[in-house]
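**Student:** Start from chain A and add chain B according to the hints.
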Amino acid sequence: MKITLDQDKCVASGQCVVAAADVFDQRDEDGIAVLLTAEPPADQATDTRHAASVCPALAIHIQE
Amino acid sequence: MTSTVESAGESPAAVPRFPMTRAAGCPFDPPPTAVAQQKQAPLTRVRLWDDSTPWLVTRYAEQRALLADPRVSADINRPGYPLQVALPPGGGSASFVLMDDPEHARLRRMVTAPFAIKRVAALRPAIQGIVDELIDDMLAGPKPVDLVEAFALPVPSLVICELLGVPYADHDFFQDNSKIVIKRDAGPEQRMGAQRALLGYLDDLMGRKLADPADDLLSGLAERVRSGEMTRNEAAQMGVLLLIAGHETTANMIALGTLALLEHPAQLELLRDSDDPKLVASAVEELLRYLNIVHNGRRRVALEDIEIAGERVRAGEGLIIANDIGNRDPDAFPDPDRLDIERDARHHVAFGFGVHQCLGQPLARLELQVVYSTLYRRIPALRLAGDIERVPFKHDGNVYGVYELPVTW
Numbered sequence: 001m002k003i004t005l006d007q008d009k010c011v012a013s014g015q016c017v018v019a020a021a022d023v024f025d026q027r028d029e030d031g032i033a034v035l036l037t038a039e040p041p042a043d044q045a046t047d048t049r050h051a052a053s054v055c056p057a058l059a060i061h062i063q064e
Numbered sequence: 001m002t003s004t005v006e007s008a009g010e011s012p013a014a015v016p017r018f019p020m021t022r023a024a025g026c027p028f029d030p031p032p033t034a035v036a037q038q039k040q041a042p043l044t045r046v047r048l049w050d051d052s053t054p055w056l057v058t059r060y061a062e063q064r065a066l067l068a069d070p071r072v073s074a075d076i077n078r079p080g081y082p083l084q085v086a087l088p089p090g091g092g093s094a095s096f097v098l099m100d101d102p103e104h105a106r107l108r109r110m111v112t113a114p115f116a117i118k119r120v121a122a123l124r125p126a127i128q129g130i131v132d133e134l135i136d137d138m139l140a141g142p143k144p145v146d147l148v149e150a151f152a153l154p155v156p157s158l159v160i161c162e163l164l165g166v167p168y169a170d171h172d173f174f175q176d177n178s179k180i181v182i183k184r185d186a187g188p189e190q191r192m193g194a195q196r197a198l199l200g201y202l203d204d205l206m207g208r209k210l211a212d213p214a215d216d217l218l219s220g221l222a223e224r225v226r227s228g229e230m231t232r233n234e235a236a237q238m239g240v241l242l243l244i245a246g247h248e249t250t251a252n253m254i255a256l257g258t259l260a261l262l263e264h265p266a267q268l269e270l271l272r273d274s275d276d277p278k279l280v281a282s283a284v285e286e287l288l289r290y291l292n293i294v295h296n297g298r299r300r301v302a303l304e305d306i307e308i309a310g311e312r313v314r315a316g317e318g319l320i321i322a323n324d325i326g327n328r329d330p331d332a333f334p335d336p337d338r339l340d341i342e343r344d345a346r347h348h349v350a351f352g353f354g355v356h357q358c359l360g361q362p363l364a365r366l367e368l369q370v371v372y373s374t375l376y377r378r379i380p381a382l383r384l385a386g387d388i389e390r391v392p393f394k395h396d397g398n399v400y401g402v403y404e405l406p407v408t409w
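So the sequences go chain by chain: A and B. Once you know that position 43 of the first sequence is 43 in the UniProt record's numbering, the rest is easy, because the numbers rise by one and skip nothing. Once you know that position 329 of the second sequence is 329 in the UniProt record's numbering, the rest is easy, because the numbers rise by one and skip nothing.
If you are wondering where the hints come from, they were derived from the structure by calculation, not from laboratory data. Bear in mind that the values here come from a model prediction, so they are computed numbers and not experimental data. Any given hint could turn out to be false.
Within a straight-line C-alpha distance of at most 27 Å, the following computed DSSO-like cross-link-like pairs (lysine-lysine) qualify [as the list claims (entries may be wrong)]:
#1 B:LYS179 / B:LYS394
#2 A:LYS9 / B:LYS118
#3 B:LYS39 / B:LYS278
#4 B:LYS394 / B:LYS143
#5 A:LYS2 / B:LYS39
#6 B:LYS179 / B:LYS143
With the rest of the complex left out, here is chain A:
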């Protein structure tokens, strides 16, 4: 699984952090999402997929 995050699209909802805190974080200054790991381990796959599905800005893309 490979993840890309489009920070220009991100609206700082933080829903990715709630869904997968080991994969996503937020910048302190504006809450824009930050990718902690572009290739999360297999046990994070479900949470990561969920993060992508609840992202309101469709800013998270997953390549399986």
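**Tutor:** Leaving out everything else, chain B in the frame of chain A:
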């Protein structure tokens, strides 16, 4: 209203009126006409107060697709935008909620930092303190008591005042005015007056934050005014928006959510007797889905022709994206009319979707988690004082809920 529409079903000119009326005795369910529209098609037409006939987007998948579509505009001043009431002379509000990118993104990013997950999570002890204190007062006071006045409204009001840096002593003033702003049947004069009063209040407060900044959200905005990133008027508008959005919605979720749980005692018991914070979080998501207190639809207008679900939405046509019905779409939520706090409802659209999704959702979720995990445990015998038939529901409001909720224990 409902029966007129249904009996006129054979005529092609019959377009149901929107907003629609809930069925008597079903205070938590979407209006029957809306449910019928959803069964009929993902996109149907409705007739508004001004006789315009925008699309009603009824199904979950199409709602998410359109709310996230850059060819769809949230700009209230565009021709074809499905207005709830006539625009005042000179155009609509200057709130970023009713703007498109890049202006929307520029302004929204000025206030996203305080709503980041970790910043909000740090407020948990303060929110718990507010909730505990209000429950102490309730337990010490007379009963029955109106839960709205004693608890549901003060919780989010105290929290948003603390976050923004608004003196809570002024809460009567801004609660009275914001009630008028969101009341559906308030006249345009009355609504504008209330808006002006709130804007004047926030502008004055912004002046004080400019002179004497503190560690709060409004002082953060004042700093941006000083650095030239935004105008003082933009900052004051933002303050009004956050103040209104911050207390009215959550207050309704607390009171209506409590009533829904009281009417589903097995679910309430499950929540009350569990120590699992995950169940509390899941109960919050399910109640947000089930109740979806924003019942007037997210309003948009198409910028281009859009092909969706076998329909062509033409440029300039209005869209009403009815998230309350979307959250009851059986394709997205099996057995959607059942309140089930153990289901995974996290993908609901109660906060909207797309770039305009509710900014305050992390705060709302946290407040509701603290409330729902504390109130019923501390007052296990909590019950409705009187008949549900006597509870005054906000059928005329832009945010659905109850005006009063008499409870006892």
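**Student:** Starting from LYS179 (chain B), check that the Cα of LYS394 (chain B) is at most 27 Å away, please.
**Tutor:** At roughly 11 Å apart (the allowed maximum being 27 Å), LYS394 (chain B) and LYS179 (chain B) satisfy the hint.
**Student:** Straight-line Cα separation of LYS394 (chain B) and LYS143 (chain B) no greater than 27 Å?
**Tutor:** Since the Cα atoms of LYS394 (chain B) and LYS143 (chain B) sit roughly 23 Å apart, the hinted pair holds (cutoff 27 Å).
**Student:** Between LYS9 (chain A) and LYS118 (chain B), does the CA-CA distance stay at or below 27 Å?
**Tutor:** Between LYS9 (chain A) and LYS118 (chain B) the Cα gap is close to 21 Å, so the pair holds against 27 Å.
**Student:** Can the restraint linking LYS2 (chain A) and LYS39 (chain B) be considered satisfied, given a maximum Cα separation of 27 Å?
**Tutor:** violated (38 Å)
**Student:** Would you check the hint for LYS179 (chain B) and LYS143 (chain B), treating anything up to 27 Å between C-alpha atoms as holding?
**Tutor:** Given pair LYS179 (chain B), LYS143 (chain B) holds - Cα atoms ~26 Å apart, limit 27 Å.
**Student:** Holds or violated: are the alpha carbons of LYS39 (chain B) and LYS278 (chain B) at most 27 Å from each other?
**Tutor:** violated (33 Å)
Consistency with the previously given hints fails for numbers 3, 5, ordered from lowest to highest.
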